[in-house]
Amino acid sequence: MRSTVLIAVILAMAFPAAYAAETINAAGATFPAPIYQKWFQEYRASHGDVQINYQSIGSGGGIRQLTAGTVDFGASDMPMTDEQIGKITSFKVLHFPTVLGGLVPTYNIQGVSGELKFSPETLAGIFLGRITKWNDSALKRDNPGVNLPGADITVVHRSDGSGTTFVWTDYLSKVSGEWKSKVGAGTAVNWPVGLGGKGNEGVAGQVKQTPNSIGYVELIYAAQNNMPYGVVKNQAGVFVKASFDSVTAAAAGAAKNMPADFRVSITNAPGKTAYPISSFTWLLIPDKIGDATKRETIKAFLKWMLTTGQNDTASMSYASLPAPVVAKEMKQIAEIK
Amino acid sequence: MLRIWRHAVNNVMLSLTGICAFVTASALFFILGYLLWNGGKSLDWNFFTKLPLSAGELGGGMANAIVGSAKVVMLGALLGVPVGFMSGVYIAEFSGKAMANVIRYTADLLNGVPSIVIGIFAWTVLVVPMRHFSAWAGGFALSLMVIPVTLRATEQFLGQVPLSLREGALALGASKWRSVATVVVPAARTGIMTGIILGVARVSGETAPLLFTALNNQFWSKGFGEPTASLPVMIYTHAISAYDDWHRQAWAAGLVLLGLVLVANIAARMVLAKGAAGQRG
Amino acid sequence: MATATQSVPGRARTFLHGVRGGDQIAYLVTFLFAASVVLITVLLVFELWTKSGLAIHKFGFSFLRTSTWDPVNDQFGALPFIYGTIVTSVLGLIISVPLGVGAAIFLSELAPPRLSNTLTFLVELLAAVPSVIFGVLGFFALVPLMRDHVQPALISAFGWSPVFKGPAYGVGVLTASMVLAIMMFPYIISISREALIQVPREQKEAALALGATRWEATWDAVVPFARLGIVGSVFLSLARALGETMAVTMVIGNDPKINSSILAPGYTIASVIANEFTEATSDLHLAALVELGLVLFLITMILNGLGQLLLLVTTKPGSAKS
Numbered sequence: 005m006r007s008t009v010l011i012a013v014i015l016a017m018a019f020p021a022a023y024a025a026e027t028i029n030a031a032g033a034t035f036p037a038p039i040y041q042k043w044f045q046e047y048r049a050s051h052g053d054v055q056i057n058y059q060s061i062g063s064g065g066g067i068r069q070l071t072a073g074t075v076d077f078g079a080s081d082m083p084m085t086d087e088q089i090g091k092i093t094s095f096k097v098l099h100f101p102t103v104l105g106g107l108v109p110t111y112n113i114q115g116v117s118g119e120l121k122f123s124p125e126t127l128a129g130i131f132l133g134r135i136t137k138w139n140d141s142a143l144k145r146d147n148p149g150v151n152l153p154g155a156d157i158t159v160v161h162r163s164d165g166s167g168t169t170f171v172w173t174d175y176l177s178k179v180s181g182e183w184k185s186k187v188g189a190g191t192a193v194n195w196p197v198g199l200g201g202k203g204n205e206g207v208a209g210q211v212k213q214t215p216n217s218i219g220y221v222e223l224i225y226a227a228q229n230n231m232p233y234g235v236v237k238n239q240a241g242v243f244v245k246a247s248f249d250s251v252t253a254a255a256a257g258a259a260k261n262m263p264a265d266f267r268v269s270i271t272n273a274p275g276k277t278a279y280p281i282s283s284f285t286w287l288l289i290p291d292k293i294g295d296a297t298k299r300e301t302i303k304a305f306l307k308w309m310l311t312t313g314q315n316d317t318a319s320m321s322y323a324s325l326p327a328p329v330v331a332k333e334m335k336q337i338a339e340i341k
Numbered sequence: 000m001l002r003i004w005r006h007a008v009n010n011v012m013l014s015l016t017g018i019c020a021f022v023t024a025s026a027l028f029f030i031l032g033y034l035l036w037n038g039g040k041s042l043d044w045n046f047f048t049k050l051p052l053s054a055g056e057l058g059g060g061m062a063n064a065i066v067g068s069a070k071v072v073m074l075g076a077l078l079g080v081p082v083g084f085m086s087g088v089y090i091a092e093f094s095g096k097a098m099a100n101v102i103r104y105t106a107d108l109l110n111g112v113p114s115i116v117i118g119i120f121a122w123t124v125l126v127v128p129m130r131h132f133s134a135w136a137g138g139f140a141l142s143l144m145v146i147p148v149t150l151r152a153t154e155q156f157l158g159q160v161p162l163s164l165r166e167g168a169l170a171l172g173a174s175k176w177r178s179v180a181t182v183v184v185p186a187a188r189t190g191i192m193t194g195i196i197l198g199v200a201r202v203s204g205e206t207a208p209l210l211f212t213a214l215n216n217q218f219w220s221k222g223f224g225e226p227t228a229s230l231p232v233m234i235y236t237h238a239i240s241a242y243d244d245w246h247r248q249a250w251a252a253g254l255v256l257l258g259l260v261l262v263a264n265i266a267a268r269m270v271l272a273k274g275a276a277g278q279r280g
Numbered sequence: 004m005a006t007a008t009q010s011v012p013g014r015a016r017t018f019l020h021g022v023r024g025g026d027q028i029a030y031l032v033t034f035l036f037a038a039s040v041v042l043i044t045v046l047l048v049f050e051l052w053t054k055s056g057l058a059i060h061k062f063g064f065s066f067l068r069t070s071t072w073d074p075v076n077d078q079f080g081a082l083p084f085i086y087g088t089i090v091t092s093v094l095g096l097i098i099s100v101p102l103g104v105g106a107a108i109f110l111s112e113l114a115p116p117r118l119s120n121t122l123t124f125l126v127e128l129l130a131a132v133p134s135v136i137f138g139v140l141g142f143f144a145l146v147p148l149m150r151d152h153v154q155p156a157l158i159s160a161f162g163w164s165p166v167f168k169g170p171a172y173g174v175g176v177l178t179a180s181m182v183l184a185i186m187m188f189p190y191i192i193s194i195s196r197e198a199l200i201q202v203p204r205e206q207k208e209a210a211l212a213l214g215a216t217r218w219e220a221t222w223d224a225v226v227p228f229a230r231l232g233i234v235g236s237v238f239l240s241l242a243r244a245l246g247e248t249m250a251v252t253m254v255i256g257n258d259p260k261i262n263s264s265i266l267a268p269g270y271t272i273a274s275v276i277a278n279e280f281t282e283a284t285s286d287l288h289l290a291a292l293v294e295l296g297l298v299l300f301l302i303t304m305i306l307n308g309l310g311q312l313l314l315l316v317t318t319k320p321g322s323a324k325s
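Each protein sequence line maps, in turn, to chains A, B and C. For any residue, its number in my numbering is found by taking its place in the first sequence, counting from 1, and adding 4. Going by my numbering, the residue at position 56 of the second sequence is 55; the numbering climbs one at a time, nothing skipped. For any residue, its number in my numbering is found by taking its place in the third sequence, counting from 1, and adding 3.
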């Protein structure tokens, strides 16, 4: 009797007739993970049994797993370098921007619940470990009139290979020569100070749990968890808050001059209303997909993402793609064979 | 004078050791209590029946993780138990001393390999060639941890079967393998079963070997060749996130996992105790 | 133990007789299974070795001495992780050995049998608790406790020394050590208790007869006898703690730096592998991680071996080694 039940259970799990027809595996960035997961759930609900299983293991993970061939497509906030693309011999990687997002400095300071202002030099100083206390003169200068405690600053960064880290360090490299020479930009860097959290989720979680801490996360992670985040001074000297409009403004220039392979950085963008720490994020799709069903599914999803999917961006605190970029991407879909 | 001092020392030290014992024993109660308190609040029917929802949305569950865990653990057991058992039989019944030592040493070595390193190994030999994260790889990794435990339990309990029983069987004309299969193994079966249950229970709570083998899955995984959700990995990803709802789920999952593991352990030990008593009686 | 202890010619003769072919098959089948265990283990070591080839080739032995872990510039040094692994485990031992041995003494010598069995049962159940659960509890319960109460107290009392310096993060080397200590309890207690129980009663009775108090008899006559077994349990627990992944990852702070302060965040070999493996961007990065795994494997292998050896010696009948 018991063995019969056991066998029945085994069979039920091995041959699930009720399960989905097609499963596509993807992995990568945590930056856009919330909206990707929403998209994949919506897409599954409206398109029969298409299951796109997305694991947010970080941009570095997405790139590596795509290279190793263990996922059908990847996702990254950092465009792949020529070297990384060159490593994949079986296909060419097509970059498909999906949304725009903004990175915010989120913090948890005892006694301070409002919005703090950060100038680029202050942010660099904090993450370099030169500014160690919340009531440092640099912070006081940025925030006249705010009562900042004399507590030590606990920096939280990513412990995994992250496109979010790339965007953050790319920005810091642009605004701070010291940062550029000492640390540089990349998906995983040699952090001068700080604790490591895994994924955007881990950093947000760590900041939330640790008083007097500061970390960098994609806007939605701070918004969804009701965590305060700061405004940053942009190239034009204006303190701008990350939002649909300010992130879209940052992409304005890039939209006009988008390179053919869509690899571009929009940190520290010019413009009075531009949010300085903005970025595109990309899906990394192989240009050759052998399995016909998978190919068509992915192409169909991309079309959906560029049209219907873009409607979800505002509510999820991302910004949608500029129209000229969408048009160009639609054309690139044809390149997937 | 000296006597009073020595007696004082005696009383203090004895009490201290008692305190040590109670402190360490109460660690378990503390853990259980914390999980019951936080997990009990969060355990609902959704947890067992629904799939995880995207971050921030309420009402999801971990149904796929429960099934996924069952899948990889079962694979681990199906692959590991026969190997461990047969090897244990070999050492205890058929091999010479030298071979037995070699195999025993190897099994102990395998047992001592950190679980994360087992994960690396499974990734190298299964995930990369298959170009797929899968329950197969996860099950394989777990089986490597089941083998040494099963092997030792088999060897130990087979060894405890009295000589008289073996010789009786042989005297009746049974061949060696017959006597082992029909007399010796059944005599040791309680102990061996206990060892297997304990070993399987242990791997069901392992996270590290699954991190880069079975990976994880938001949805149901078809068959065994897809990335598969599992309770320990889900607990980990949910606990380190910033979403309160995910934290609740992590507590609930922790409670379920701990409950299963503890029940298996307690049951196994009770069976062993009864079996041993039965044999002695 | 009824193993096949016939002489070689005797065994060969029996084999050759092969009267009941079933025996031959049984021997072969079980032998193949056993051989597969050896093969798999050899394969494991082989894979570890080859997959870390790139890193071994590039860094050689300096890998073990360098402390830079810089994926951007492809510079990898294992020292911070080796440091973190050893410090957390040793610190964990410092916490758990006195408690554990004390508890073992109580359970083996002083407690009435029913109490002793019940408590031992409970302690051994602790070994069954999955490590991720220790991690979750550490993260949500222990870390706030450390951050809000314990660490500030330590800093105000001992903050002048480099060992207790620094802000109270909550996470850190000390917190990780405490979690490891709790995880080591069952092993230390269980094995030490066994070793103590095996000490011949005459030892204790002789001491008592000479007028020793119960404590003196236990500490001076019984415990030294079981010394090797206790030390063996320490080695085995240490080996286990070194490889502990999930519980440590969640409470250590994940910072690859060597810090004299135990209140600072750190990083262990197992944690960095868990965090960075699926995302190692360059082949060298991956090879460096695998090499770390190899280093960990070697360390645990040596410690396990020592532990087993010590236990083997103590369980020999009439071992009067002091």
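One or more hints might be untrue.
[Unchecked claim] Cross-link-like lysine to aspartate or glutamate pairs, in silico, EDC-like; alpha carbons within 20 Å at most: (1) A:137 - C:77; (2) A:186 - C:73; (3) A:91 - C:77; (4) C:260 - A:156; (5) B:96 - C:26; (6) B:49 - B:243; (7) B:49 - A:53; (8) A:292 - A:339; (9) C:61 - C:286; (10) C:260 - C:50; (11) B:96 - B:107; (12) A:335 - A:291; (13) A:335 - A:300; (14) B:49 - A:46; (15) A:42 - A:53; (16) B:221 - A:26; (17) A:184 - C:73; (18) A:42 - B:107; (19) A:91 - C:26; (20) B:221 - A:53; (21) A:91 - B:243; (22) A:184 - C:77; (23) A:186 - C:77; (24) A:237 - A:119; (25) A:42 - B:56; (26) B:221 - A:291; (27) C:168 - A:156; (28) A:137 - A:53; (29) A:298 - A:249; (30) A:96 - A:265; (31) B:273 - C:127; (32) A:144 - A:156.
The set of hints was computed from the structure by calculation and includes no laboratory data.
| query | Any hints this thing doesn't respect? Which numbers, in order? | reply | 1, 10, 18, 19, 21, 26, 28 and 29
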